[in-house]
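A.B. asks: Residue-level listing of the chains:
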Amino acid sequence: MTMNSTGRPTSISANGGSGTDVTVSGSKGLLQAEGLIFEIGSSDKTGVDLPKPKGTKSRLGGVTRGAPSGLPGLTEPEAVRHYVRLSQKNYAIDLGLFPLGSCTMKHNPRLNEKMARLPGFADVHPMQPQATVQGALEVIEELADWLMKLTNMPAVAMTPKAGAHGELAGMLAIRAALIARGEGEKRKRVLVPVSAHGTNPATAAQCGFIIDEINAAADGRVDLEDLKSKLVDSSDVAGIMLTNPNTCGLFERDIKAIADLIHAAGGYFYCDGANFNAIVGRVRPGDLGVDAMHINLHKTFSTPHGGGGPGSGPTVLSAALAPYAPVPFITKTADGLRFVEHHSEAPDSFGRMCAFHGQMGMFTRALAYILSHGADGLRQVAEDAVLNANYILARLKPLMSPAFEGYCMHEALFSDAFLKDTGVETIDIAKGLIDEGYHPMTMYFPLVVHGAMLIEPTETESKAELDRFCDALASIARRAVQKDPSLKTAPHLAPARRLDETRAARSPRLKWTPETPTMKAAE
Amino acid sequence: MTTYYTNEHEWISVDGDVGTVGITKFAAEKLGDVVFVELPDAGKAVKKDADMAVVESVKAASDVYAPVTGEIVEGNAAIVDEPAKVNEDPEGAGWFVKIKLADKGQLSGLMDKAAYDAFCATQ
Chain A
1 MTMNSTGRPT
11 SISANGGSGT
21 DVTVSGSKGL
31 LQAEGLIFEI
41 GSSDKTGVDL
51 PKPKGTKSRL
61 GGVTRGAPSG
71 LPGLTEPEAV
81 RHYVRLSQKN
91 YAIDLGLFPL
101 GSCTMKHNPR
111 LNEKMARLPG
121 FADVHPMQPQ
131 ATVQGALEVI
141 EELADWLMKL
151 TNMPAVAMTP
161 KAGAHGELAG
171 MLAIRAALIA
181 RGEGEKRKRV
191 LVPVSAHGTN
201 PATAAQCGFI
211 IDEINAAADG
221 RVDLEDLKSK
231 LVDSSDVAGI
241 MLTNPNTCGL
251 FERDIKAIAD
261 LIHAAGGYFY
271 CDGANFNAIV
281 GRVRPGDLGV
291 DAMHINLHKT
301 FSTPHGGGGP
311 GSGPTVLSAA
321 LAPYAPVPFI
331 TKTADGLRFV
341 EHHSEAPDSF
351 GRMCAFHGQM
361 GMFTRALAYI
371 LSHGADGLRQ
381 VAEDAVLNAN
391 YILARLKPLM
401 SPAFEGYCMH
411 EALFSDAFLK
421 DTGVETIDIA
431 KGLIDEGYHP
441 MTMYFPLVVH
451 GAMLIEPTET
461 ESKAELDRFC
471 DALASIARRA
481 VQKDPSLKTA
491 PHLAPARRLD
501 ETRAARSPRL
511 KWTPETPTMK
521 AAE
Chain B
1 MTTYYTNEHE
11 WISVDGDVGT
21 VGITKFAAEK
31 LGDVVFVELP
41 DAGKAVKKDA
51 DMAVVESVKA
61 ASDVYAPVTG
71 EIVEGNAAIV
81 DEPAKVNEDP
91 EGAGWFVKIK
101 LADKGQLSGL
111 MDKAAYDAFC
121 ATQ
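First to last, the protein sequences are chains A and B.
Numbering follows our numbering, in which position 327 of the first sequence is assigned residue number 327; successive positions increment by one, without gaps.
Numbering follows our numbering, in which position 3 of the second sequence is assigned residue number 3; successive positions increment by one, without gaps.
Since the hints were derived computationally from the structure, they do not count as laboratory data.
Incorrect hints may have been included.
Computed from the model, here is a short list of chain A residues facing chain B with C-beta under 8 Å [stated by the list, open to error]: (1) C207; (2) P347; (3) L447; (4) E501; (5) T502; (6) R506.
Yeah, the Cβ is synthetic: ideal placement off N, Cα and C, and Gly gets one too.
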């Protein structure tokens, strides 16, 4: 045995390498086992020990709680440890490459956070007098200006709070425009390609439209002939909802022709902007004939999402739809900026979508991102995002089966054709990635590709990191082709092994219930 | 009783003017474990090739299309309560709905067992 000066063994074999992976504590190594907060807490503990009030009379008029509330009591260190332990079980973009397709999980520069935490932005209240928040209003106004410039659109609704909320804003504007034309009852059909985001048909249905699906052509793009056939009798067409680049990671080459066809049919063109990261600074949707498009600030402009922060989905509108934009919106007056909030000042507006003015923190982060990158930087974002995805496509092409021929945009899409007759399925590849230390890619979506694996690396990743990821995925693909049975039971190294998703879906247990009826609980 | 098949992997077994409809064994295997089924109410009019029901597995949610035009006579409540039945016996106890056919002539456009098996081999 090799010993160092203090007598501590220095070789791995001296103190490890054997034994069982079951521990008395349930923890594994330094990864702590952690129960639910209800299992840890008890009624006799509290974070802050306050003296019991003396001689006060209840003023609740007989509605005092009779039974224990059932809330767990924890000391402060217990509460802190509980959430830190949970956070260590999480996977985040700050921890590693997050290849979830159609999600644009990219680095949120810390400068954004510094700006968003400036007290003048972070501590404003939505109900304080507008004269006292002119700086915040200017941030919203300047961001709005940039979003209109980047898309070449004349108007933008800033209040929508997520992508699907932005879709709702766009479709409500389309509905309002049709009603204003006297065609609200007549034009009810919305065309949605199979390669669109799943939220698109859901949004259209929510607005009372009828969905008419358009097929994809063999190259993964909208089948123009199918679209034309759906427009033969177009008197009931309200519009189209198209994602570009689409969910197959492909640019809709015929987008201009599609826009012209829809406009000639008397409909409007909604473009889902969730994949704007692939074209920002390179393509202006307004030049393509788009009437409405939401922009996910939390994707393209890097503000955190996926548990890390709220979304924000400003929606740009064409001149035809601008009058119907939701309130509130900002207007310039001699005394500075102020919100237009009421019907009296915006008679054509379809109304209000949220209580206040949108996600201020996201606005500040997005503007910081735009200003710190500049026009050339934003263009490079799109170029690098597309380059990175194509690098992955090129490296994995010999081992896996690309869903479509040719280059991709910001995401690389594979089918499960290379797994034929191996017994290994897409889900096993995803679970194998967990063992390699990566969050799985998007799987089984888009539905038009069998056993789809959709990988979006974003521009965040360096070539070295892309190589590490490709090495890991390539080794899994090789194991799959060799019918390695261990893939069917992966993950082997994660804190939790393969979960029984079928049982979880068929008989979900969504509520914690105490094991004994006489539960100990904090009051 | 004759059974017909569609290229969207539905089957319809016709007795008089009522057809029992479900998804094929091939489809059930491709879907994986079914966890949720949504069926149309009795009395609802359905149109050939239009959405009629929804089936959700651990992998994906899919629409089930009506193989013929007609009116829903009955939905199979057993598969709503216990979606596993769709995997266990897709072409038997795992049936979806019974449809009163509006036009029996539509059946001639569907496949028979041999044609469907040949079709699956190409999928």
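A.B. asks: Confirm or reject each hint.
C.D. replies: Outcome of the hint check:
1. C207: violated (18 Å)
2. P347: Violated: closest Cβ of chain B sits about 39 Å from P347(A), beyond 8 Å.
3. L447: holds (6 Å)
4. E501: holds (5 Å)
5. T502: Hint holds; T502(A) Cβ to chain B Cβ min 4 Å, cut 8 Å.
6. R506: holds (5 Å)
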